[in-house]
Amino acid sequence: MAAELVALGAAGLAAGTLARGGRRLALPTIPSYMVAGILLGPSVLGVISDVHSLELVAAIGLIVLLFHLGVEFPLEQVMSSGRRVLATAFGYIGLNVGGGLALGFALGWGTAEALVIAGAVGISSSAIVTKLMVELRRLANTETPVILGVIVVEDLFLAVYLAVLAPFLGGAETAGEAALQFGVALGFIIGLFLLARYAAKLIGMLVGSDDNELLIVLVIGLAVFVAGVAEMLGVSDAIGALMIGLVISRTAVKERVERLILPIRDAFAAIFFVVFGASIPLDAVGEIALPVAAAVVLTIITNTLGGLLLARIYRLNQRAATNAALALVGRGEFSLILATMAIAAGLDDRIGPFVALYVLILAFAGPLLSTRSRHLSKAMPTGVLAGYRYVEQETMAEPCAHLIDAGPAAPVAEGCVDCLAAGDEWVHLRVCLGCGYVGCCDDSTNRHATGHHEASGHPCIASMEPGEDWRYCYPDRVLIPDPEPPVFRPASAAADD
Amino acid sequence: MSHTVRKTELFGIGTKYEIAGGSHRLAVLELKDGNFEIYELEAGASEPTAVIRLDEQEARRAAAILSGSFFSE
Chain S
313 MAAELVALGA AGLAAGTLAR GGRRLALPTI PSYMVAGILL GPSVLGVISD VHSLELVAAI
373 GLIVLLFHLG VEFPLEQVMS SGRRVLATAF GYIGLNVGGG LALGFALGWG TAEALVIAGA
433 VGISSSAIVT KLMVELRRLA NTETPVILGV IVVEDLFLAV YLAVLAPFLG GAETAGEAAL
493 QFGVALGFII GLFLLARYAA KLIGMLVGSD DNELLIVLVI GLAVFVAGVA EMLGVSDAIG
553 ALMIGLVISR TAVKERVERL ILPIRDAFAA IFFVVFGASI PLDAVGEIAL PVAAAVVLTI
613 ITNTLGGLLL ARIYRLNQRA ATNAALALVG RGEFSLILAT MAIAAGLDDR IGPFVALYVL
673 ILAFAGPLLS TRSRHLSKAM PTGVLAGYRY VEQETMAEPC AHLIDAGPAA PVAEGCVDCL
733 AAGDEWVHLR VCLGCGYVGC CDDSTNRHAT GHHEASGHPC IASMEPGEDW RYCYPDRVLI
793 PDPEPPVFRP ASAAADD
Chain V
73 MSHTVRKTEL FGIGTKYEIA GGSHRLAVLE LKDGNFEIYE LEAGASEPTA VIRLDEQEAR
133 RAAAILSGSF FSE
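Chains S and V supply the protein sequences, listed in that same order.
In this text, residue positions in the first sequence follow this note's numbering: the first is 313, and each later residue adds one.
In this text, residue positions in the second sequence follow this note's numbering: the first is 73, and each later residue adds one.
The following block holds chain S by itself, in its conformation from the complex:
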């Protein structure tokens, strides 16, 4: 007992100390925890001589980690989130998980191994990405809500993916057995989903208490119990914890549980990451160096494509595409959870070190690349973002608030108001989005549109040329090509309908 307590205490101390040092270098905490585990583990210092003695504590870490994820999961918002978020997220998941699957099969370690690698390589770390957004001061950027939307859909995808994996990890001998295990896993998830949908109030009454002490005792008990039952059914404790968290998220105690569980999650999840690090056999690293290098290169490529897809769908510029691509590179808790499940199921023992090294490299590379996003964006193939040919060099990552508020204003005339009055000619026409004033462009001699902005203070104009559909904001000097919905339709086009 004494040795285990010393190991556990050392795990916490080492994890916290290393992470504090890492924080100064703007590194996320998860890789620091893993490094602490590697250092304390049997291959280096040997403070944690028997990893199995800490298994129960690590399991609690994994359970509260996923339980918290379930509790704070914005199910309602995802269900009601626009088609664009879903299209972006599934595009991103398809690229990354698909790429991971191809790599997994190419390595030839086995089918179950390939599926684990696909998930570990394909799913971003919610913890690392959200922290990165806060630390890089990107909370006001346009692409940030989209990045976070992708992360949330990835979390939901993970739940389904864990269910798909269950029969492969359960060691089913025949197709029938596999189908049965898949059925049990799916049934369990659907059952808890229905519970969340229809009977959340009941669960809320079961564990609810006005007293914080009693609430957290009951809730932790429930989370660990359901996770245990799930494990017994061969579904994995991870899904059980996630799904019961989802049930709690629909109850009246959601906010309080979210707040109360946070410190518990932080303390125990750290132990989970340390134990994972300690369980990595270091002598295997040479063998998996090449596959890891391939996985890192693959992830950077699929993320670049994912970033471009996101920017394309949301009509953002190359800086937003780069920001998204590099932020979403972060891999962490989900990859490690999948690797832990693979180890527990007795799959190829190269998976543990493979995922560990992969997560370490990307956890360091992600933030480092992200801080250089501005320079790296110049290398983005912007040809795909056809809408942005006007602002190739623009650095603006957020469309301005004036444009968002500017309503469509119908043009008050067919030609430049002031030129018509003076009998002058113009090159192109612009319409003021504030009042509908029609003026000539800056290539015309009179530049009435700009003059109107200076005189009236109305911030935004749109092109009135047939076939052109862009808006421009004077104060923010930002151009939004091809906005949605169309600003206005030329009278001739409207007449055609």
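Keep in mind that the hints were calculated from the coordinates and are not lab data.
Among the hints, erroneous ones may be present.
Said to hold, decoys possible - Chain S regions said to be covered by chain V (calculated; three or more residues, Cβ under 8 angstroms):
1. 443-450
2. 454-463
3. 589-601
For glycine and all other residues, C-beta sits at the position ideal for the given N, C-alpha and C.
Since chain S is already given, all that's left is putting chain V on it; use the hints.
Using the frame of chain S, we list chain V on its own:
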């Protein structure tokens, strides 16, 4: 010029309130950990010119002063 406030949900982080108008934008962020952040974004810039982080108590005090309901003595 109208100073409209736009609210956006940031999954996993908190809520963003954007105040537009004049030559700059303000974004007030209510974070899930109880802290607040205020971003100032100058027109045409891609990065915020200032970010102020307030804990719960600082935020309450600053809000009282800003709303004109803070009295001393």
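Where does the structure disagree with the numbered hints, that is, which hint numbers, in rising order? Number 3 - this is the single hint that the structure violates.
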